[in-house]
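What follows is the residue order along each chain.
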Amino acid sequence: MIKTVGLSKRFGELTAVDGLDIEINEGDIFGFIGPNGAGKTTTIKMLATLVRPTDGYAEVCGYNVIKHVDDVKRVIGYMPDFFGVYDDMKVWEYLDFFAMAYKIDPGRRPRIIDDVLELTDLMVKKNDYVEALSRGMKQRLCLAKTLVHDPKVLLLDEPASGLDPRARIEMRELLSELRRMGKTILISSHILTELSDFCNTIGIIEQGKLLVSGPVEEIMKQLHGARVIEIKVKSDADGAAAALEGHELVERVELEGETIRAYVDFDLEDTSPLMEHLVSSGVRVSSFAELEVDLEDIFMRITKGAVQ
Amino acid sequence: MATRFDRIRKTRSLAWLLDNPLLTREIRRRMRGRAFSWSLIGYLITLGGVSSLLMFASYPWDADQMSARDLLVEIGKIGTTLFTGMRVVEFILAIMIAPMLTAGLATAEKEKDTFDFLRVTTLSSTTFVVGCLLTTACFLLLIFACTLPVLALTFIFGGVSMREILSFNATLFMASMAISAWGVFNSTNYKRSKSVQGSMVVISVVILFMMMSRMSGQWLYSGIVAGATGGTPWLVYLGPRAMLAFVMLVFAVAASRKLYEPNNRLFNYKQFTGFYILVMASVGGTLIYQMTRPSANLMSGGDIIAALSLYHFVGGFFMMGAILLFSAGRIERGDEVWRLRLERPVTRRAHETYPLYGFYLLVWLVPVFLMGKLYDQSGVFSFKFFQSVPILAAALGLVLALTLGFNLFVERRNMVAAAVLVSLLVLWALVPLGGYFVGQISPLAGRSQSVAVQMTSTALMDFSPFPVMYRIWDGRPDVKLFGPSATAAVLALIALVPYLSAGLRRRVEVSYDWIGPSAPMPEKAGAGVEL
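Protein chains in written order, with our numbering: chain A, 1 to 308; chain B, 309 to 839.
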């Protein structure tokens, strides 16, 4: 659905995006991760036809972002990281305005407006003035506006920035609903917990360069090459570590106080033999769990800058 | 899989022009604010104040020593003076206001971070610019309509022809549109609204200065219009407006090219400025020519006859048209209210228009009193206001029908409404035409023509369809002239109806069901739920 080859953007001396290669398939939720100023917004704007690439190629749904601007606009829904609203407009009028801008037939607009308001849980606010909405509601309204022409691809730039925890959770649920509806979503964020249980593919960008891209599982495998099992014992941690080191499934063991980290093959599905081995060796195990490696961990390992 | 997008309709018709998101949005937003109402009232007070001063300054205080004929000539002079003064004031105000309506539209989008929203939609830059210009056109037409009752003061006294008023308003409209297009163009170049507005103030002042400078205006007029055409009269009327339309188009095209891609370079900015000032100054020259040329005075025309029965007929027809239009709007039985399928509150709520009614009333009281006094003194006409009641009914029916028809056609694409609207307009055009032919073949044709010749030089008789009606019924000696008050009443009603209908639409908005709320209405939205 989205493909870029060597996509670059330079603003004078500054290279905002440098030779970006991304491929996002239909139905994918692509988490675009990077620190502030990494080039996420510029990339999204290039895909949304708002910024013209200096070099390279990009297409959305098979439409070239330079040559087929109108076609691209019809298939994408773009939500910027920072946006304003029009004063003196009601919620439904706001959506009606965009429906009109997308040349949607007047007879179908009311139904569509109701649909998107229903989806974004703003139906009760239909007749309220836009400026009276809370930040979280405005964000959802913006998403409703983005959906008004039923786009196949959503380009969401920091959709949850500035939201309180509750609004953030609501936004996440909304995005999950969109995923279920089969939308292809490119979502950028620098708050990684937002994306970790949501995206199936990610791309990490820093200083305009894509450091890594692909399915989350694959990236984790590439980074660690192994899964980590964290074991806590009541006593004799050294003995337990020695028992694990000799086991055929274990590749490496790290000991830290009463906590042992055993590295096993990434594709190993059943770790119960390890537990059995420990128990049969007389080790008193108090906890045995696989250590979740999250996006934050991946991000910190790959990038050099700071993440917020 | 068919998506909504696949079914998006591509319209290439008049509906496309009116289904403009920017136009709809601006009308919705601006009409809600109090600022517009108050600025309109301020504008009218200025205009009314100047006209009152002019009226008193040119009033024949020694009327009792004049002959009837001299008195009528003096009355005509009041009208001419009023019209001249009001034209100047209206021109200055319109030229200052028009660019302000559009100057900040594009820059405001950038300032509010909404511009990217627009750019990412399929809204073309042309549609945006057209929307800006349509917005200006709507507001200008509203301003002009509200100005008409004040401008129509001249009809009481006569001395100004309808053609002059129409010609002036058309030119002023085009000039305002052209300068407004320049405002849009500037707003595509600048980043901040205040910069655009500042630049437009400077430009307006320069243009006004050039136009008000009689020497440059007259010179440019004679050099460009009269000189080039040998003084062909129709070019005097057509020339400036055609030029202004051209200027408007040039700026609109330039603005649409530059809106999304500000780096597009079409023409040198200075070329635009020089060209524009030249054109505007020549228009100013034409206007000054119009203002300074001798106007026709009211002439004594003997007994002038009016066709009361025809007015009754026309009034009834228009009323029927209005009822038809209401029916076409499908009055429905809702939960609590009778519902009428109209939407989009174009006007203010009724109670907020009371100051305007008061203003109109004040402006009208004194002139009507003075005119009645003068006509009575002349011994030629007697002024009986009640005689204009049938005409009031006709005018009310017409404007109501037109307003509703327009709304139903534009908003609802209602073909019945469109048909009624067209038939009303055809009738409006056919009645005088038919009357003209009847006048030609009637036994009184000779007399009617002689009256017509006398009447063409008077202002009020030029106002279709009334003049022809006078001709037809020329044989009746007992009916006195009441044209001035009727004409004025029509104009006043045209201006008042949008405000009166605000109350109606307030009711209608409640039940607007295809896009608006059914119930309950929010308190702050300005929409009442009670009938």
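Calculated from the structure, these hints are not laboratory results. Be aware that one or more of the hints could be misleading.
Unchecked claim - Computed, partial: chain B to chain A, Cβ under 8 Å:
{"no.": "1", "residue": "Thr332"}
{"no.": "2", "residue": "Arg342"}
{"no.": "3", "residue": "Val381"}
{"no.": "4", "residue": "Lys385"}
{"no.": "5", "residue": "Asp424"}
{"no.": "6", "residue": "Phe425"}
{"no.": "7", "residue": "Val428"}
{"no.": "8", "residue": "Thr429"}
{"no.": "9", "residue": "Arg471"}
For clarity, every value in this text was computed on a predicted model and none was experimentally measured. All C-beta atoms, glycine included, are put in the ideal place defined by N, C-alpha and C.
Against the structure, the hints come out as follows:
1. Residue-level restraint check for Thr332 (chain B) holds (minimum Cβ-Cβ distance to chain A is 7 Å; threshold 8 Å).
2. Because the beta carbon of Arg342 (chain B) sits about 11 Å from the nearest beta carbon in chain A, more than 8 Å, this interface hint is broken.
3. Hint status for Val381 (chain B) relative to chain A: violated, with the closest Cβ pair at about 52 Å, above 8 Å.
4. A hinted interface residue such as Lys385 (chain B) counts as satisfied when its beta carbon comes closer than 8 Å to some beta carbon of chain A; here the least separation is about 47 Å, so the hint is violated.
5. For Asp424 (chain B), the shortest C-beta to C-beta distance to chain A is roughly 6 Å, which falls under 8 Å, so the interface hint holds.
6. At its closest, the beta carbon of Phe425 (chain B) sits 7 Å from a beta carbon of chain A; the interface hint therefore holds under the 8 Å criterion.
7. The criterion of a C-beta within 8 Å of any C-beta in chain A is met by Val428 (chain B), whose closest approach is roughly 4 Å, and the hint holds.
8. The restraint placing Thr429 (chain B) at the interface with chain A holds, with a minimum CB-CB distance near 4 Å, inside the 8 Å limit.
9. At its closest, the beta carbon of Arg471 (chain B) sits 39 Å from a beta carbon of chain A; the interface hint therefore is violated under the 8 Å criterion.
In summary, the structure is inconsistent with hints 2, 3, 4 and 9 from the numbered list given earlier, while agreeing with the others.
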